[in-house]
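Which chain is which? The protein sequence lines are F and C, in order.
Note that this note's numbering has the first sequence beginning at 1, numbered continuously upward.
Note that this note's numbering has the second sequence beginning at 1001, numbered continuously upward.
Honestly, the hints are just simulated from the structure, not real lab data.
Bear in mind that the values here come from a model prediction, so they are computed numbers and not experimental data.
Positions of the beta carbon are idealized from the N, C-alpha and C atoms, including for glycine.
Take the hints with a grain of salt, since some may be wrong.
As the list claims (entries may be wrong) - Here are some chain C residues the structure puts well away from chain F; computed CB gaps all over 10 Å:
(1) L1009
(2) S1032
(3) E1053
(4) S1105
(5) A1160
(6) L1178
(7) V1191
(8) S1193
Unchecked claim - Quick partial rundown of chain F residues pointing at chain C, CB under 7 Å, derived from the structure:
(9) L118
(10) F136
(11) N137
(12) I144
(13) A151
(14) L213
(15) L491
(16) A492
(17) P493
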Amino acid sequence: MAYWPHWLVVVVVAPLVGAVLAPVVGRGRPKVVALWALAAMGVTSLAALNLIVRVAEDGPFSYDMGGWEPPVGIELRFDEFGASVGIICLLGMLALLFSYRYAEHTLPTERVPYYYSLMLLNLTGLIGFVVTGDLFNLFVFMEILSLSGYALVAVSGERIAEMAAFKYLVMGAVSSLLVLFSIGVLYSVTGSLNMADVAARLGDWGARSPAMLALAGLSLGFMVKAAIFPVHIWLPDAHAIAPSPVSAILSGLVVKVGVLGMLRVYQIFYAAETLDLTGLNTLLVWLGAISIVMGAFFAIFQEDVKMMLAYSTISNVGYIMMGLGLASSYGLIGATVHVFNHALIKATLFLSAGAMIYRTGYRTLHDLRGVGKAMPITTIALSIGAISIVGIPPTAGFLCKWYIALGAFQADQPFFGVALVFGALFIFVYYIRMVNAFYFQPATHPEIAEVSEAPLSMLVPVIILATLCLVMGILGRIPLSFIEPAVTRMLAPLGG
Amino acid sequence: MKRALVAALLIVAAIPLLSIVAELPPHAAPDSPAYTHVSAHYLEHGAEEAGAENIVTDVILNYRGFDTNGEVTVIFTALAAVLAILLLPSEERVEERPAPAMPVSMVVRFVVRLLAPFIALFAVYVIMNGHVTPGGGFQGGTILGALVIALTIVLGEDEAHRLLPRPARPWLQAAAPLTFVVIGIAGIAVVGSYLGFPAEEPWQWVRTAWLVILEIGIGVGGGAIIGTLFWTMEAER
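Bound-form chain F, shown alone:
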């Protein structure tokens, strides 16, 4: 075997080793452990880059763990959707860099290594979830990332944070249970845990209702993780109260686990061709549409900047779910690329908001008035993020929303294309409110004018992300055409 498939092991194992050794390396040395975590993610990113180049050249490939061929052993599989490992690494690195100051100042020194450990574990879980081709393995990585996610919300130690984390934990545990139960049902009718093998054998068992039950359980479980209406209630508190670098990871990446999980479910059930998925698709499109409007609506009334961003995540996952449910090639391409772009944009927003909160100590629009003059670079970055998330042309948010709207027309459901545009208008309103407060309203607290720009370790990630929001708008075709073969393959059983 050539050496390069081992990169697939490296992307999972490198952050894992970084995580378990962080307490060894970082005992009493918060700066060293930050560098150690960055180094671990550096190695991971290198491996991820290699994999993405491979998949672009040769298409999907597999790695048999322990040399056992699937379905006897566990298979890692890297396809075009797996390329989301790239964005996981990028956001991971930037959030870790951003944490450099945050962790040092807000956490007791003893806890800092465990904070980095949890961050790396969360990234390990995300990466493992994306690259595995085995259902139970998927569940194991989902547990790693969920558990570390709950803890990261509570890490600041404030009472309200603990409550938010607990709410998140209860909802998350129910969704994990649903997913595990459904995997059990699939195993009992197919005798296999390998995704491709399950898809091939699903039709063999006479009764179709167990497959339906599994589909329902998996969908509901992943919808909770994706925080789609009406199971979104855990998200706003958890994402708003978590430390800002954690919010960026949770909102940018962890909710996408629900989306990527749904993608895997669709891959299995489309390929199995035993069930008609029209019902589920209709449900997803409707719930997506409701999430868009509802998330945007509630965001308008928020005073807390991070709360606003959290509600906006619900809207945006709504766009993605709608794109999935439309089951047309444009819709799906738009949805998968929005997974990537939304991660970039939301990280920009959360990190720049986090930098403002770090410097000023205020977190509501009212208190933050006039911050635009004191922290010009951060505010520009936040504005770029805001323009992108509304979907105004030359930015990253535009193309994918455009594609999802096209998908609605392609699927002969133009109503949803219209709903999408309305949602964008709502979103426009509250981001205008934000930009207006930062730039044009007189400062509520005069001392805000004396605040200086965020420290470099915070400013650099924010600038990189804001630049990427613009660059991805201009180079938006690249991810679209990259993901196209995977979407075509996935929709092939539908006859186009």
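Starting from the structure of chain F, add chain C where the hints point.
Frame of chain F; chain C shown alone:
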């Protein structure tokens, strides 16, 4: 009212669930896919292909070793979560703790101390013998953890803390995932895939040795983590 609503919701959810579960392959039916596909392969070839007479051990350490690699990471995540939230800064640690309302009786103290070496021996037995009989690293590690807890209660914290020397503690806590990574990489070097075990003559002893090393890693790591969780939560009291 609220209760009635919850009950109604549960019933509405239960009816389809139960009716569908009834359509699953009956338990213990010989033609059920759960017995005829992958698990049949394990039962037929497990002992000879994967190296342990206990088929469960074959599955969790060899065939699906990567899952177990993830599971031990979940356990480590639980530890990191507790420490990131509850670990007290050293200046806040209470030096003089008030004596417990009910002191541990002399009988209990004597019996626990008397039994401690035997409990430890039993833990080692369960860990080492896991590849032949039911048991293994997880079970043995739990016994070790229980021993640490029992000794903490009778000896007091300071004595018990010497069981896991402070500098070695983070290494011991990370023992399980680290062992998996080391064996996994050894697998790449020797067999050509992560967590691969050599199966050809005359290298089967290497395979057995690796399986035992994994069990020991899981056991030591599990014990250290259970002990630390207990100490951390106790300090929070």
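Hints, one by one, checked against the model:
The Cβ of C:L1009 lies farther than 10 Å from every Cβ of chain F, with a closest approach of about 13 Å, so its non-interface assignment holds. For C:S1032, the requirement that its beta carbon stay farther than 10 Å from each beta carbon of chain F is not met, with the minimum near 7 Å. With a closest Cβ-Cβ approach of about 18 Å to chain F, C:E1053 is found to remain outside the 10 Å limit, as its non-interface label requires. Distance check for C:S1105 against chain F: the nearest CB is about 35 Å away, which clears 10 Å, and the non-interface claim stands.
With 10 Å as the threshold on Cβ separation, the claim that C:A1160 sits away from chain F holds: the shortest Cβ distance comes to roughly 20 Å. Here C:L1178 does not stay apart from chain F, with its beta-carbon only about 6 Å from theirs, under the 10 Å limit. A beta-carbon of chain F comes within 10 Å of the beta-carbon of C:V1191; the shortest separation is about 6 Å. Once the 10 Å rule is applied to beta carbons, C:S1193 is inconsistent with being away from chain F; the minimum gap is 4 Å.
Residue-level restraint check for F:L118 holds (minimum Cβ-Cβ distance to chain C is 5 Å; threshold 7 Å). At its closest, the beta carbon of F:F136 sits 6 Å from a beta carbon of chain C; the interface hint therefore holds under the 7 Å criterion. Interface hint at F:N137: satisfied, since its Cβ lies 6 Å from the closest Cβ of chain C, which is below the 7 Å cut-off. For F:I144, the interface hint holds, since its Cβ comes within 7 Å of a Cβ in chain C; the closest pair sits about 6 Å apart.
At about 3 Å, the closest approach between the beta carbon of F:A151 and any beta carbon in chain C falls short of 7 Å, and the interface hint on this residue holds. The beta carbon of F:L213 comes within 4 Å of a beta carbon in chain C, closer than 7 Å, and the hint placing it at the interface holds. With a least beta-carbon distance of about 28 Å to chain C, the hint placing F:L491 at the interface is violated under the 7 Å criterion. With a least beta-carbon distance of about 26 Å to chain C, the hint placing F:A492 at the interface is violated under the 7 Å criterion.
Taking 7 Å as the C-beta contact cut-off toward chain C, the hint placing F:P493 at the interface is violated, the least distance being around 22 Å.
The structure does not agree with the numbered hints 2, 6, 7, 8, 15, 16, 17 stated previously, though it agrees with the rest.
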